[in-house]
Amino acid sequence: MKSEKRNLILQFTEQVKHCLQNIEGDNKTEVSFEYFENKKNVNVPFTPRGETKTSFVFRRPNDVQIIGSFLTNTFVKKDLTIDLLVTIPKKCFHERDYLNQKYFEKCALYIAFIALNLKKTFGKLISLQYAYFNGIHLKPVLLLNNSNLNYCSFRILVVGESCCFKQNRFLPTTSNVRYNWFYGKDGEEVLTPYYNSLILQDLNLLANNEYLVNNIEENEELREVIVALKVWLRQRGYTKSHANFLTMFTFYLINEKKITTSSLDDTGISLCTAQPVPITTFSEVYDVVFLDSSGYFNLSFDIPSHVYKSLKHEANLTVKFLDKSSPNLFESFLMKPVPFNEKFDAIVLINNRAFSDGVVSQMEIEDRFLDSGGDIIKTCVPSIINMINYGWSHRFLLSQEEYSSTTLCWNINECPPSTSDSNFTKLGFLFNAEHIFEAIDRGPTADKPEAEDFKLYWEELSELRRFQDGEVCEAVYWKASNINEKRHIFRTALRHILQKKARISPHRLSFPGCNIENVLHLNHVNLPKNEVYATGEEALQNVLTNYDSLCKKLRNLQELPLDISRIQGISAIFRGSEVFPPLNGHLKLGKDALKVLRYSYSFVEENDKVPLLMDPLEVILHFETTGKWPNDLGAIRRLKAAIHIELSKQLKQKFGISSKLEPQFVDVYYQGYIFRLIVSCYKEILLMRSMKNDDGVLCKIESKEADELEIQIDILPKLTSALYSVHLKYATFGTACRLAKRWLASQMFTDYLNDITVELIMAYIYIDPFPYSVPNSPFVAFIRFISLIATFDWKQNALIVNVNDEFSKEKMEEIETKFTSERSTWPPMSIISPYDKHSSMWTADSPSLPILKRLITVAKMSKSVLNEQFNLRGADQLIIFRPPVDVFDVIIHLKTKVIPNFHMRMEHSEKKLIRLRHFDGVAKKVIMPIIDFNPVQKYLEQLRKGYEEIALFFYDKFGGDIIGVVFKPVAFETRSDDAFCNFCKLAEVSSNDGLSRYEVNFEAIVEDFSILGENIVDRVEIKNKQWIEN
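Just so you know, we're using full-length UniProt numbering here: the sequence shown kicks off at 1 and counts up by one.
Worth double-checking, as some hints may not be accurate.
Label pairs and their computed distance ranges (CB to CB) [what the hints assert, rightly or not]:
(1) Ser127 / Val225: 30 to 38 Å
(2) Lys257 / Gln21: 17 to 25 Å
(3) Lys91 / Lys336: 46 to 54 Å
(4) Pro506 / Asn526: 25 to 33 Å
Honestly, the hints are just simulated from the structure, not real lab data. Backbone N, C-alpha and C fix where the C-beta goes; we use that ideal spot for every residue, glycine too.
Construct the entire structure; sequences and hints are all you get.
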């Protein structure tokens, strides 16, 4: 901070100090709750439990001084709050005021009296509000803002003198809140370790601040470490109390000359050199023990075990990342935020109205409720997390509540709010990939004592089961007939646990994102009773099973000219990422729509319906290396055609498999699926890139056709194998890819972002997840995908997807350097994998810069909508799959009966279910269905080919019934280019310079849209009429 600003802060601080140390009424004014009843402009920031007669004679503070990060210059500029510590004289307290919240009542009265006098002194120069210190309702603070110092705020903390009470009165084994006072009835006294720590925190606040200053003074390197640590914590959503804990822990490690310690996990650690009481006194009560220099105050008293585990988890992720020495080290380590919604695999919202005395009673945590001073949220939430972990710890790596990023504050003339006034408590769960989707929770064997605990926890869900190893165990079976239902076991179990153990009704719970996978359902297809589709995982596996079966049959073909050495599928289905895995069958159109021609279906004349789209699944056949291939390109292609004929013949003769021949491939109809077999020959690529010059010498030439063939038979098979290995390693990768593709298509980016690009981005999220852990939920991976699109700096950085760790550190640095120095030659969205033939080959042609900008805008809007709806019960999160149509100039409405995959629409307008003609392998005559017939796609290709210079076309390839048209800026310019004129049907206009100039005839183009789409287009709607009026 500049010295000028710092001096202004110090000057104002002195003014505040002078005001407080010269308050009128010293040793005269009796301050009580009754005193403020007549003060309309100031209220006491404390709600007494029942009637109270607390009062004291006001005495000016012993001292007013700056403490905390501003004093040590370790503050984070983005959130500069200067803490002013006001010390109340000992004479204001009675010797037994530590009992029954009297101490906190007097502190609240004192801070209200301060607020009253500050308002009188400074008037409109300042604004005052109350807030809770670290969210603790027993400890209000005063927030002060100076209108002349808008770059910082002040927080006034009021504490008693350190000598007010003997510190041994606040050991965790003592009780300082009487049961009959708190509950109004007789009961056994309970320990109050949390309550005791709140008072000790005040009494030792100044001493601990001095310890911090002494350790950091004149040590610039350590100061930078502390600032980095605070930024690291803030980016991960932790509070200032966590920052203070880790700061003191850093000093402990330095003083002990250690880089780590296991004692914090065991008995605990202490900054006190002569511990006054055994540290085990604290470890028996607190989850984490870290004592300050007094030996009495536990610096980690408000850090439960699940929060400590979360901190360790984040630290472990960071250490592993630092060991990798990534090129984007600084950005990922400190600059990249870790939003709570993107960090966890599942989010649960609990309506705070669910927390009641009944919950406290059901969970038997009355003693904790008393200890927390009646804060029901602080009482219930840690207990609920512990209760869930007790029964399901093997399924979770981490569970944590979200800490509010905003301070709960209120005006000084208002009554204090409850800490439960917020709508929801948000819990996050990080899944254990090995166990989270298991359908059975196996408990202890029936003869062990632990079996009774298991039965008591799960109640009626627990039953005896015999397992394959012969043991009879208590177990809970979760009914799940498909993978989609297995992903929802978590939701079912949590509802049961919270209802049975905490008396929280299921309608008080919300699971954001749990229904997002519905976009992968096929709700409008009539499937057989024994066939399950759900979100398509079973259908995908069925395709792969039949593919493996076909591969075995192909390898058993002995009479081919060459032996098959390798078979490799290259379609998205073979990477586990096909949005809608193909169904086993084709659409029933009726006898009047189709006819059979040579064992294949064909259209009858005047037919106005289309069959279900059957996309062929492309498979590359690699043959043994041999010199038998001819040296002539035409001869090679004729030989490949002959191989296709022989393949078709042998498949029919040996296995009864029907097929359809084409010169470039053979389509095989096997078990209800179309597999397109493509014979590969690397020599063909070499010949296509060679040409004899006039002297008869072979020269190497550039060939786009050869490049495309190389991608098809060489690069794509390798990349497909690599991405499929990612799919096998991470169970949710395939479904996450499918969600991302469905979202992109629903936003009408069809053909602007190809499948491989999407899969590489998603692979990056799984392979290089830092600062997150690997996603174990398709939904959270999908959120991170949208966030990456929206926040990644595509202009300054290339996305390096290091599949299978094939890039060395040096190679990645080389790519980064090359990208920076040659940025203008790289595409707007640059994505690099180890299998690229050249730099960012999958995005070289698309998306263009305008499309990328629109994609980023849509991603930012979708991310914003998702984050808003995370906090709304019953919110329709599928809204991000509904594109805005107002952005289009023209909308082409299509006839639904000519859309071959209309059943894939997310929202189907027709109630009638689609009936399938399923594959019948027993039939004597298997008829080939109509393959790859998509008139809408052909129409879209014609539009882009004819009008790509002046317009962009957007379409949802999964059953979309509209095509959106946006005219490019060039379309509104007048030009003298004759070719441009003729190509786009320009209208001639007069010109003063003697040259003919032209402008776009929009009306004629709109008419062309209908003419080109005869029998496909229903109507053309003009959304933006400005270009017609002009």
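Evaluation of the provided hints:
{"no.": "1", "hint": "Ser127 / Val225: 30 to 38 Å", "in the structure": "35 Å, holds"}
{"no.": "2", "hint": "Lys257 / Gln21: 17 to 25 Å", "in the structure": "43 Å, violated"}
{"no.": "3", "hint": "Lys91 / Lys336: 46 to 54 Å", "in the structure": "52 Å, holds"}
{"no.": "4", "hint": "Pro506 / Asn526: 25 to 33 Å", "in the structure": "32 Å, holds"}
Of the numbered hints listed earlier, the single one contradicted by the structure is hint 2.
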